[in-house]
Every structure is written in structure tokens, then in C-alpha cells.
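Participant: Given next are the chains, with one letter for each unit.
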Amino acid sequence: MTTIPTPDLSHLSAQDYEHVYEPAEDTFLLLDALEADLDDLKAMNATLFLEVGSGSGCVSAFAAHILGSSTLYLSTDINARACNCTRRTGAQNKVTLDSIQTSFINGFHPRLKRSVDIICFNPPYVPTISVEASEAQGLRGIEGSWAGGSGGMQVTNVFLDMVHELLSPNGRFYLVAVKENNIPEIQERMKTLYQLDSKVVLSRRAGREYLSIVRFEFATST
Amino acid sequence: MVRLITHNILACHVKGCTSNNFPLQLQGVQIELREAEFNPEFLKTFLPKIEWKALVDTAKEARDTSLPLEQPEMLDDEFLKNLHHVLLEIHIEEGTMICPNCKHNYPISNGIPNMLLAEHEVG
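Line order of the protein sequences matches chains D and C.
Each residue of the first sequence is one higher than the last, beginning at 1 in the UniProt record's numbering.
Each residue of the second sequence is one higher than the last, beginning at 1 in the UniProt record's numbering.
The shape of chain D in the complex, shown without the other chains (with noise of 0.2 Å):
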């Protein structure tokens, strides 16, 4: 479907994808929903960039490879090993990601705030016991890349509270999920509470999983 390449992840091992989340059609569903936005936020003139959990850096690399370097590509895991993947996929693909080992964006400035242009969350959305997802979180290794706990949605919440808080006036969120995270009630919830609006923008059926891409944006951005 992607009619620009996808990055180069030639480098990465079946070592690595031990560790670390191997890009699959959930990645590859966010990267087609990008392109399929290219101009739009090309004409955003971003000046910052977000993955949050950016696992193998697969979606950070196809973003700076599609808008270039005036924007500054910053990219978080609490995974040790995805970091040090995502930092060699932006060489291997010769763009530099800024890879920082860190829950969410903890320890991050609070003058960020209102900054951030283009977030991309690739969360684990697989629906499990959560106790599950929680020790997943602890271990910070691959299963807290796909247990998602109660509703898939244990680890996503978390995020979802600091959005708006992040985001530039007329930035754009893009959120993977899958059907049984209850999509309308995500985006029910985003614009009660923070006037986030959102759109489903891309749905793909993968095996036994039913994938979408969610894109939120300011009520009040036109």
C-alpha cells in the first residue's frame, strides 16, 4: 500500500526482535496513514515531533525521512534495547531520532507544553488480565510493547490524559487501536474532556486483529 518505502530495517536482527517489537501491519497501518497525510503535515511546519513507545523507530524514521530536518524527532521507550534500536534505525536511514528512555514523557520540560506538533502512539492495545500489563510495564521489555490490559486500554489511558497538554494548537495525534479498545468511546471521551475532535482515518483487518488509526486535533484548529 505505502508507495514511499518504508524505512530500511535491515540492520535490526532476529536478536533484536526478541527485545524489541518487529514492525508489523499495526506499524505499517500508521505509516500508510501518515503518507496518506503528507501534505497536510508537511504544511504544518513542525518543528516537533513525538513517538511515544517508538519500539524499532520504524514510524519515527518514516516521519523524518518524509518531512525532513526541520523538525527535531524525538522518541521515547522504557524499553533499553527499543531505544538503542530506534537510534540506529534514524542512522541507518540517515536522519537523526532522539531517543530518550523514559515512561511516556516523563522528564520532560514542562515548557514543552503546548508544543508538540505531531504525536504517534503505537501503545500495546491487546487486551489482557491487567495485572498483566502492568508487571509488562515493569519488566520494560517486548510484552510491555503489546499487553494492553482491561479493554486493551490500561497504558493508552495514561497517555490520552497527557495529550492536550502536549499538543501545539493546531497539532495532530495519531493513535493505533484496535476495535476492541472501543474507538467511539475513546473519541467520546477526548473531546468531552479536552476538546480534542478525531477521525478514524484508516481501518485494516490483520489476522484476527481489526486495526485503526485514529487522528485527533484541536476542536478549535481549522
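For the record, the hints were derived by calculation from the structure and aren't laboratory data.
Each residue gets a CB set at the ideal place from its N, CA and C atoms; glycine is no exception.
One should not assume that every hint holds.
Okay, the calculated bits of chain C under chain D, using three or more residues with CB under 8 Å as the criterion [what the hints assert, rightly or not]:
# : stretch
1 : 10-23
2 : 41-51
3 : 114-122
Model the placement of chain C on the given structure of chain D, informed by the hints.
Facilitator: Chain C in isolation, oriented as in the chain D frame:
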């Protein structure tokens, strides 16, 4: 890698540590210099997001004294080139970032800053 542009947006987030928690001080750092494409437009748009004094102080800790103490009003080429070098070409590969207030240590390993806290330190 921790470039100084990234360092400039990191602050201590230990529970209760809310003042004098920025900028994190560099200690025992190993630095690599890597050339980056000079993009004056990016520098000009990013400049308002920079905490100037923090950047100048940190650059000094990284042994670069090319930046003026006060941010100049005229952004001439020489200034922008120095700024470009400080923000984007100085990479901290190893070392520690220390909170000036609570002295918490944030390690930098393999070019990755670790901002994770233990459970009891989280605010």
C-alpha cells in the same frame, strides 16, 4: 544520542523536586562531534523553545564556549553556525546528568539518556 537540543528539554521529575531541577548538570561525559546539515530556518524556529542560559551553561560543561551569554537580537551567520554546532553536533555518548536540586543521577549510556525513576521516586 543526547544532543544539547535534547538536553535542553529534560528536567528532573523526582517526586517533589519541582524547583531548581533544570538544567541537569553533566558529569564525566564522553563527547562525540558529528557533522549535521546546517539548517538556519530550523534554528530560527527552534530558538524560542530554547532556555538560553541553560544552553550556555551546559555547552560550557561540554567544553564549548562559542555562545554569547545573552541571546543576540541579530541572528547573523556566525552566531547561527555556533548555535548549530552546540545544539546539533555535540553528542553526549556516556556520562551522567545530575539534578542541581535533589542530586538525582540520570545516566547516559550508549548515547541514550535514562530518565526512568524507581517506583518510590515517581511523582
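Participant: Just pull the numbers of the violated hints for me, sorted ascending.
Facilitator: Of the numbered hints given earlier, the structure breaks none, since each of them holds.
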